[in-house]
Amino acid sequence: MVDKLEAVSDLPPSSWNPSAEPPAPVVTVIQSTQGQVALKLAELWRFRELLFFLVWRDVKVRYKQTLLGASWAILQPLATMIIFTVIFGRLAKLPSDGVPYPVFALAALVPWTFFANALGQATNSLVGSANLITKVYFPRLIIPTASILAGLVDFAISFAFLVCAYIYYGIVPSARVLTLPLFLLLALVFSFGFGFWLSALNVKYRDVRHVVPFITQIGLYATPVAYPSSLLGPKWQLLYAINPMVGVVEGVRWALFGTNTLTLPMIAMSSATALIMFFIGLVYFRSTEREFADLV
Amino acid sequence: MSDAIQVRNLSKTFKRYPPRKHRTLKEAVLNGEIFRSSTEAKFIEALRDVNFSVPAGTTFGIVGRNGAGKSTLLKILCGIHKPTTGSIAVGGRLALLSLGLGFHGEFSGRENIFINGLVLGLTPRQLRARFDEIVAFAELEEFIDAPMRTYSSGMQMRLAFSVAINIAPDILLVDEILAVGDQAFSRKCIDSLNDFKRRGGTILLVTHDLATVRGWCDQALWLDHGTVTAIGRPEDVLAQYDDSFAEVPATV
Ligand SMILES: Nc1ncnc2c1ncn2[C@@H]1O[C@H](COP(=O)(O)OP(=O)(O)OP(=O)(O)O)[C@@H](O)[C@H]1O
Ligand SMILES: [Mg+2]
Chain A
171 MVDKLEAVSD
181 LPPSSWNPSA
191 EPPAPVVTVI
201 QSTQGQVALK
211 LAELWRFREL
221 LFFLVWRDVK
231 VRYKQTLLGA
241 SWAILQPLAT
251 MIIFTVIFGR
261 LAKLPSDGVP
271 YPVFALAALV
281 PWTFFANALG
291 QATNSLVGSA
301 NLITKVYFPR
311 LIIPTASILA
321 GLVDFAISFA
331 FLVCAYIYYG
341 IVPSARVLTL
351 PLFLLLALVF
361 SFGFGFWLSA
371 LNVKYRDVRH
381 VVPFITQIGL
391 YATPVAYPSS
401 LLGPKWQLLY
411 AINPMVGVVE
421 GVRWALFGTN
431 TLTLPMIAMS
441 SATALIMFFI
451 GLVYFRSTER
461 EFADLV
Chain B
170 MSDAIQVRNL
180 SKTFKRYPPR
190 KHRTLKEAVL
200 NGEIFRSSTE
210 AKFIEALRDV
220 NFSVPAGTTF
230 GIVGRNGAGK
240 STLLKILCGI
250 HKPTTGSIAV
260 GGRLALLSLG
270 LGFHGEFSGR
280 ENIFINGLVL
290 GLTPRQLRAR
300 FDEIVAFAEL
310 EEFIDAPMRT
320 YSSGMQMRLA
330 FSVAINIAPD
340 ILLVDEILAV
350 GDQAFSRKCI
360 DSLNDFKRRG
370 GTILLVTHDL
380 ATVRGWCDQA
390 LWLDHGTVTA
400 IGRPEDVLAQ
410 YDDSFAEVPA
420 TV
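These protein sequences, in sequence, are chains A and B.
Plus 170 on top of the position in the first sequence (first one is 1) and you've got my numbering.
Plus 169 on top of the position in the second sequence (first one is 1) and you've got my numbering.
What the hints contain is simulated information worked out from the structure, not anything from laboratory work.
With a cut-off of at most 20 Å between alpha-carbon atoms, the simulated SDA-like pairs for lysine to any residue come out as follows: (1) K230/A with S277/B; (2) K251/B with L214/A; (3) K211/B with R376/A; (4) K251/B with L209/A; (5) K195/B with V381/A; (6) K211/B with R189/B; (7) K374/A with E196/B; (8) K195/B with D377/A; (9) K230/A with P293/B; (10) K230/A with G274/B; (11) K251/B with S202/A; (12) K210/A with I446/A; (13) K195/B with P383/A; (14) K251/B with Y454/A; (15) K251/B with N301/A.
These numbers were taken from a predicted model, which means no experiment stands behind them.
So here's chain B without its partners, still in its complex pose:
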């Protein structure tokens, strides 16, 4: 079977200048660091030598603790962050569904639909043709001309989901988003994700809801501190992941 996604020896290191992410020109000049790299830089290895592949048409679950590097991995797959070393190959168009999608707070819902549609490769004509469908699916007709910053997180997620599913990508990257909608919309999402799977779409699912991984995924991967700790059948991976919590007695 052919792969929708291949990840080879992928590592990602972020640079930080504590306490901030970046420096100021003033500091750089004062420390004479304009032409050489800063000594204050701290390196964060978000991903370390990650290898896996996802066969086309399957659903792949990724679990791991907060800060394990899951979101970073998905963003690298979309081209947002660039790998420090290693390579990835993606077969087909892919859409990332994370909180907020590519939403600009000051832009209206309508403008955000356009921007995201254009970014994901639709032409303005195609977008106009699908516009009503996208809004109707999200059930946001009344709010579509209000600025995005006035939307609740559930509303943002509805719009993000609706855009992503309606532009019909080949691969859907879902980052921790299903938990935000209300029950009615969650049901709707699950239905359309099932539909997407039936049509042969590939899904990469990051979630802390292990039941979803167990019930949905063909394969699972446990990411811990940026390294792949376990990969394989969901039951096996989740059992190991569960055990890792047992080691530390909960003291609440």
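Same shape as in the complex, but just chain A:
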């Protein structure tokens, strides 16, 4: 089978087919490849069934008590919306670009809640799967990816709730709503990048998960969730949009309500930082994953 150490590939399993003749064994060579970062996306694809299974399993657990699971997805943004409406809408009388304040806040809270939960879940995901990581090999990236994707079900439910509020306030959509998926994609890309990075960091420094709620708490106010970004002068808006969630939130409002606070440079800036974060997260994850099993 192995006669010489030649081919350098990274890792099992071969595509094995029991009905066929005994397959020619695949030679797997593992060398110490310190400092070498390969993104290995093909390997990820080979394990897609495992990814689907983990997502499905995660969703199943969250919705075991169906009613509770679904209502939690609505309750989280709803409760914040009510608080914001009372404090910022009524008491502080913040402007809301001519949109009724409750639905104005809710449109931002729905993607924001997805993002905040994605970070929280991803950060704990690797450490929470220590049993699996120390006992079998598979691409580790699957774990945070699955935990983020599972949050999309919560997102869908809370989004349905947003649609109800939208209809309740009698807002009529324009053709712009067709661009909504793009802004959600932006949120997803940023969540993946940030989530990969935090999950890997949390293996090394076990207190990272205590820092994350702090990040999302501050992030909530650094993002135009409770207020419109038009409140900031035009000079600052580009700097502001370095936070990709600014692009997401203003983009969603632009698509749903026809507000005009999203400029092209802003969305370009947000997209750029989201992509950079995605790349940094992926590379950091890949360069540290060889140590996960040792540390977790």
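Got chain A; can you put chain B with the ligands on it based on the hints?
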């Protein structure tokens, strides 16, 4: 004869930050160690320049004291830990049988079978086709939907063994698992391992039961503090290993 496994100059060093395995962000920031490596790190050489190869279709025994690096070696062969230096080559699909396999405590037995099957390279279709066989072999029909954390170690081992043997790997790595089952199941395991050998499978066996090594293995290796101390015919290796215990008089 061709080799199923080749290990060349393999070394593995673990890093620890006593008293824990890892640091906290707080410590790292306070000590200014974010960008340079920590001074507190302790290095544990679990394996040191290990060389050996296992011909395909043979059974290879590994003995050594607790902490000698046996489990670490098997895990490196599976790709779980990465070598610090050196390289390994594995010809074929391999399954590691250690306590717990890749079991997730909160997942049910059924879900764990799926995860492990997928990880070991089966498609969902193949898995569904074999599912009943796996459960029947493990004799766990009643418990299959209970969370894994409610299983006894014997039950976990049954499931692990059943998954590993039923996905038909080319190489089986067995880490200290045969001792956990009851007599009836041990017999069953031994029968199916014999079957596996007859079909040309390669077995790497880590055990403290020297009689098994003597009776079963074509070759043996004694690992001591991460280094290969003896390798060759089981009788010779075991004789040396036995002698090492004689040097220290037992004082109980
Ligand atoms: N993840 C880890 N981090 C740090 N040290 C580790 C890690 N895993 C193993 N070690 C150390 O490596 C050494 C070898 O451990 P290993 O589990 O391979 O021993 P073993 O030969 O299987 O022992 P036993 O017979 O008790 O099963 C031990 O000193 C152990 O403490
Ligand atoms: Mg061991």
